[in-house]
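Engineer: As given, the protein sequences belong to chains V and P, one line each in that order. Position one of the first sequence corresponds to residue 2 (the numbering used here), numbered consecutively onward. Position one of the second sequence corresponds to residue 71 (the numbering used here), numbered consecutively onward.
Just so you know, the hints here were simulated from the structure itself, not pulled from any lab data. Be aware that a few hints might be false.
What the hints assert, rightly or not - Output of the computed footprint for chain P on chain V, the stretches with three or more beta carbons under 8 Å from beta carbons of chain P:
#: 1; segment: 188-199
#: 2; segment: 202-215
As the list claims (entries may be wrong) - Quick list of the computed label-pair ranges, beta carbon to beta carbon:
#: 3; chain 1: V; residue 1: Ser316; chain 2: P; residue 2: Ser206; range: 18 to 26 Å
#: 4; chain 1: V; residue 1: Lys143; chain 2: P; residue 2: Asp466; range: 51 to 59 Å
#: 5; chain 1: V; residue 1: Ala155; chain 2: P; residue 2: Asn146; range: 43 to 51 Å
#: 6; chain 1: V; residue 1: Ile175; chain 2: P; residue 2: Thr383; range: 32 to 40 Å
#: 7; chain 1: V; residue 1: Thr84; chain 2: P; residue 2: Asp466; range: 39 to 47 Å
#: 8; chain 1: P; residue 1: Gln194; chain 2: V; residue 2: Gly118; range: 42 to 50 Å
#: 9; chain 1: P; residue 1: Asp299; chain 2: V; residue 2: Gly118; range: 51 to 59 Å
#: 10; chain 1: V; residue 1: Leu303; chain 2: P; residue 2: Gly508; range: 29 to 37 Å
#: 11; chain 1: P; residue 1: Thr383; chain 2: V; residue 2: Ser316; range: 14 to 22 Å
#: 12; chain 1: P; residue 1: Ser471; chain 2: V; residue 2: Lys143; range: 54 to 62 Å
#: 13; chain 1: P; residue 1: Gln194; chain 2: V; residue 2: Ile175; range: 27 to 35 Å
#: 14; chain 1: V; residue 1: Leu315; chain 2: P; residue 2: Lys404; range: 28 to 36 Å
Just so we're clear, the structure is a prediction, and the values are computed from it rather than from any experiment. Yeah, the Cβ is synthetic: ideal placement off N, Cα and C, and Gly gets one too.
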Amino acid sequence: MKRILLKLAKMREISAILFLIALFLIIGIINPIFLQGQNIMLTLKGSIMYVFLAAGMTFVILTKEIDVSVGAILGISAAVAATMLRNGNNIVLILLVTLLVGAAAGFINGFGVAKLGVPSIVMTLGTMGILRGLMFIYTGGKWVENLPDYFKKASQVEFLGINVFILITLTLIIMIQLYLSRARKGRFFAAIGDNIEGARLVGVPVNRMKITAFILAGIFSALAGLVYVSQVGFVGNVAGSGAEMTAIAACVLGGVSLQGGIGSVVGAAFGAIIMSSINTGLVFLKVPAYWNNTISGTLLILIVVVDALVQRHLSEKAKKQRLMARTSFVKEDVTIEA
Amino acid sequence: MTDHHNKKIPLVRLENIYKSFSSNLVLKGVCLEVHTSEVVALIGGNGAGKSTLMKILMGIYTPNSGTIEINGEKMNLNNPSIAHSQGIYLVPQEPMLFPNMTVEENILIGFNTNQAELKEKVEQLIKRLGWSLSLSRLANTLSIAEQQLVEILRGLLREAKVLILDEPTSALTFAEIKSLFQLIKELKSEGVGIFYITHRLSEVFEIATDVAILRDGIVTLKGPVNDFDEARLIQGLLPPQTVTKEIDTREDVKKTVDTDKTQPIMEIKDYSGYGFNSINLNVYPGEILGIAGVVGAGRTELAEAIFGLGDVTGGKILLDNEDITGKQVSEVIKKGLNYIPEDRYLNGVFTLADVKSNMTASVLKWLSKVFLHSRKEKDITQRYIKEFRIKVTGQDQTMKSLSGGNQQKVIISRILSTDPKVVILDEPTRGIDAGARGDVYRIIHELKNKGLAVLLISSDLEEVVLLSDRVVTMYHGRINHRFAGSDINLDHLMAASFGVYEDRGK
């Protein structure tokens with residue numbers, strides 16, 4: 002019994018993994034080159050950026066909020082990193098400043114949502130516009146190019162035959178997973194999304210945790226920005242635009258519920274790999290690239306609708322059970338007259 | 071029994087607690103205490119202030135004045151975590167668990183100490199109490215009883231000295247209640263003091279050591295449970311005899327419909343659904359039928375199901391000899407039944423729209439083919455404003471700016487514009503001031519005189535007595551008693567609502 006329930010609890014991630022395997026098999030059958038080791042590595046490398054975005058997004062969605070500014074944060078932090086690289090700044094300083102940009106943007110989001118009570122969709126939509134504008138002003142509308150080679154080559158370094166970025170990502174995801182599921186405070190994020198009043202009652206600092214979630218989303222977006230700079234080698238004006246939808250779709254695909262309270266960062270990471278596999282897979286299926294967004298959007302809505310229907314069914318069932326319990330109680334001393 | 075009261079310092083002493091919400095004075099100087107190994111049953115009607123009092127003790131509300139002493143020390147409780155650290159724990163009526171977490175996570179969240187040690191402690195607790203509760207189950211797979219057990223475990227793990235149980239049995243089955251009582255007895259023997267809020271008088275005598283009755287914000291009766299019997303508790307729940315109302319002057323208005331000769335307008339037969347069971351009821355034109363009962367007795371669930379808002383599991387309803395069982399709301403309205411829900415703000419009023427739009431919202435379909443017929447709309451609105459003396463500056467005044475009483479009048483007008491034969495009113499005067507209340511009563515009488523059948527659901531028993539020609543009381547989802555004519559009085563209705571009415575006449 003215990004095992005079955007534990008398995009059920011993990012179902013959400015398992016279905017993402019099954020989906021991923023099925024996706025690879027289907028594309029592989031149509032075009033076997035897709036399944037070559039080299040190509041799988043390429044797909045995984047391409048997914049790193051989305052894994053980071055989805056990891057940050059997981060914190061926010063667990064608390065039943067949403068952050069649509071992650072793409073814009075990616076863009077501006079990539080632009081900041083790239084200009085500093087071109088100017089020949091110290092690499093440690095560059096990393097620090099870039100992550101600070103992400104953290105600051107996340108803090109503004111979190112402050113607006115938790116302290117000022119602005120709905121998160123509105124707040125982050127606003128910051129998205131602001132950051133896109135700021136990025137344009139900052140770069141003067143020009144691409145940031147001619148970056149030092151050492152940074153571009155960093156994305157190709159291998160350790161034990163595996164790309165270093167993949168190893169770093171793997172380590173980070175495992176660490177976050179342990180934090181969220183094992184650490185005392187890690188569970189607070191899910192608790193807030195699960196039952197906010199209950200969370201307050203057991204002493205969870207709700208506002209502080211929400212701000213933390215947005216800051217983490219900002220920092221991870223900045224990390225994604227660094228990956229972008231290293232892998233792409235230049236920063237255009239549209240860097241990261243539309244990435245928020247991919248990130249949200251990745252979370253939802255990986256079993257992170259938009260109702261809050263459910264989901265894991267491992268699931269979200271698998272979701273991100275699925276999303277980027279779809280992108281590369283389409284190339285192998287010879288489907289024009291402009292289908293990407295259509296497919297991501299369709300997947301997103303489909304999964305959210307199914308999830309919402311299941312949740313509604315469960316909560317209605319629970320309510321009925323409660324009401325039935327009340328009426329099934331008949332005491333001897335009550336005489337029922339005709 | 072009373073001796074140890076004087077000797078020992080109470081675990082908790084609440085003294086002269088006053089609390090008001092805006093202008094509404096809920097607690098008017100409440101004094102209450104609990105000692106070790108006591109189970110103090112706290113009873114009182116709806117809105118008597120029981121939950122407010124307990125929330126003050128938990129630090130969720132701050133009292134306007136009064137003192138709280140814990141172990142003889144004056145405390146300033148303004149936060150649940152302070153109450154927790156003082157060993158006070160509230161098990162809320164609806165458990166506040168995290169549905170997507172396991173039992174273990176639910177219990178351990180919020181503690182700063184070593185989780186492994188805590189887990190061992192929880193396991194020992196469960197073992198000692200003899201429960202079978204798997205720590206790895208998800209909270210959303212638990213029954214309400216099991217959820218309450220988890221809440222109680224949370225309290226015990228905090229080494230609660232004072233446990234507050236807010237109507238713990240309201241959603242439990244009989245077997246679950248038995249195991250809960252067993253637990254309460256064990257806790258009592260271990261020295262825990264318990265406040266036990268309940269609507270069920272039989273429970274008071276089963277597990278309480280002391281009893282306190284709260285009515286209208288004051289404690290009207292308190293003492294060891296052995297000094298009381300059910301009749302005395304009912305007395306304590308009733309308003310003092312000295313206050314006779316304008317009720318008697320209206321006595322002549324009451325009429326008893328000759329149920330043998332008149333054809334019922336609505337027949338409810340063996341009607342069952344979620345929250346109510348085997349309801350049999352005939353409703354006659356030109357009568358006000360009161361439905362009394364405590365919160366959670368199933369009255370609102372019944373009304374919603376009749377109106378087409380809830381699921382029906384059995385039985386049927388005939389409205390004017392037509393079967394309306396399980397029909398959709400629009401269909402039910404068309405057939406001649408309408409319903410004014412309990413919470414106007416949630417369910418009935420378009421606050422930002424004007425009076426006219428609110429009044430004609432139900433008949434829009436009949437007023438128009440494509441565009442609204444604005445003359446007809448105005449005529450209807452003007453007629454009801456005049457008839458019900460609704461105080462408005464004009465038809466275009468926004469609903470939000472009207473008083474509660476006038477809003478209710480607008481809603482009743484809207485209902486009437488659909489030309490119903492049966493109207494169900496759920497708590498029609500809740501939150502309405504005394505003046506407007508009289509107006510609403512007058513309107514209800516007018517409905518009756520027009521030949522409509524009115525089903526009046528109200529927790530205000532005086533209101534039920536005042537208005538109703540016949541009354542049924544509901545208890546645990548069933549109709550447990552029926553009253554007519556001079557049998558309709560506060561005494562009978564109160565006893566029947568609490569499930570302790572005995573037909574002394576027969």
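Engineer: State the violated hints by number, sorted upward, taking the hints as numbered earlier in the document.
Structural biologist: Violated: hints 5, 6, 7 and 10.
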